[in-house]
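A.B. asks: Residues per chain, in single letters:
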Amino acid sequence: MKQHRFKANGLLLNCVDYGGAGKPALLFVHGGSAHAHWWDFVAPAFIDDFHALAIDQRGHGESEWPADWAYGSRHYVADLDQVIDQWNFGPPILVGHSMGAHNVLVYAAAHADKLRGLVAIDSPPDYSEASVQFLRKYAERPGRRFDSLDEAVSNFKVLPRETLASKEILEHVARKTYRQVDDGKWIHKIDRRTMIREPLTMWESLHRVTCPALLIKIKKSPLLAIDQARKMVEAMPKGELAEIDDSYHHAMLDNPRGLIAAMKKFLDKLK
Amino acid sequence: MTEPHQHLFDGAPRLHYLEWNSDAKQTLILLHGNSANAWWWEAVARAISRDFRIVALDQRGHGDSEWVQPPAYAPREYAQDLARFIEHDSQLHGRPIIVGHSMGGLSVLAYAAKHLDAARGAIVIDSAIVSSRGRDRYLRRLKSLPVVTYPDLETAKARYRLMPNEGEIAPEILGTVAEKSLARTDEGRWTLKFDRDSFFGGDGMNVVEALAAVTIPTLLVRAENSRIMTVEGLERAAIANPRAQAVTIPGAHHHVLLEMPAAVAQVIEDFARSLE
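If you read the sequences in order, they're chains R and A. Each residue of the first sequence is one higher than the one before, starting from 5 at the first, in this note's numbering. Each residue of the second sequence is one higher than the one before, starting from 5 at the first, in this note's numbering.
Honestly, the hints are just simulated from the structure, not real lab data.
Restricting the straight-line Cα-Cα distance to at most 16 Å, the calculated cross-link-like pairs of lysine to aspartate or glutamate (EDC-like) are: (1) R:141 - R:195; (2) R:141 - A:170; (3) R:141 - A:172; (4) R:223 - A:55; (5) R:141 - A:158; (6) R:161 - A:172; (7) R:223 - A:273; (8) A:118 - A:91; (9) A:147 - A:199; (10) R:118 - R:85; (11) R:11 - R:66; (12) A:29 - A:93; (13) A:184 - R:133; (14) R:268 - R:244; (15) R:193 - R:68; (16) R:275 - R:53; (17) A:29 - A:280; (18) R:171 - R:155; (19) R:193 - R:66; (20) A:29 - A:55; (21) R:223 - R:249; (22) R:180 - R:155; (23) R:235 - A:7; (24) R:27 - R:53.
All figures in this text were calculated on a predicted structure; none of them were measured in a lab.
Build the full structure now, drawing on both the sequences and the hints.
C.D. replies: Structure, rendered in structure tokens:
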């Protein structure tokens, strides 16, 4: 797989290229504590019609960390803006999951004119002060250290905890989640300060998401209620809703085929 | 419209409850655990199919339901409230399926042991079937803790903790529960929204005996890493009521409703469909 490096706001950001260069860009944006390779079972399905790419957001995966804390949606959005302005892949369709979906929606509310469209997956319209407080407690705990990559991989967990993903998929993602440090131990690649976030509410800005926008509600996921989802879609001028089944929150791991099918229906119109 | 609908059910005590999918035929009635409230079911309810009408009661002394003086917080008293609700709920088509977590599971068993056919089935999630000396000591210590209040809502939310404090819970879910679990005191400070006199009123019930008396289909759900519904407890349950089924949610801790809501929803849904 090809990789790109983009410099955004002084940080080198890693971007995986799955192929399809020359076609409309389709950029996948992962959620909190995840990384670009979470999309490995979804992104390649689109290269016949799109140039499929997945970015490691700042503080995640192979991308650099800011010196001081800068992990609000506004910071990720500023990175997306610089990446999209400098690349020569044209106006993209952004696909975000969870925190990545927040970032994609916040970006679109400010720069809908630079987008061909967007897909937001299982993302509630708010991230409350209380949520920020509880996540901060996880941030304050030191990350676990493992003696070997195998040990780290066998302890890999997602949050929320439930997953229907196959062992193979989980192991694939887990193997790309850890790195070895100087004393030989293995740790999560994440900058734990990414778990210090900022409260967010999107109700006031969704009307500015004027590009074609697909919101994907995962039937079995508790994070986004169906009537919240309907309200969000109504608020976006070109909003559409799709629902997928056989998956919990982490749809790209739990049910990649279902996610691909739901996205294709929408993306067929944006080829 | 924001989900869920909130209602008051008149009577003594007056009960507050949440309702999802009010038009669906089969009703699930959900009872929360000690010092919790109906909002603890929100994440589970969202993950359950819209084919089910879901009612989550604030049990007496909890959430926005009335407190009872003198204190009357034994499982049979919670079960009386459930009986009253099932008798008068005009939206009920056919018999409900009753589901309880922790102390709520004891309410469910106390009800099912007395009203033999009134419910279609019962689900008990991580309730203590047998106690131990260590657990008794833990409960006594909790009961003796003073009521803590906080000067403002932000501090109260920041200090919100689960008991037992175990398992990693998505902050979005814990955030909502914290917000819905706090209330203003008369002095303008903030505290948890439940009557301290209700604390562990379920303790002391003979759960094995109740289980033996239950005749409706019953499912016991154990959170694998919890020390509350123990393997020993499940063995005793199997002796008392061999018809009861048991299932374990792998990797889960006691607050499985918050930690793995979608897995709990799946267990409830599968059991409910098996009774159709």
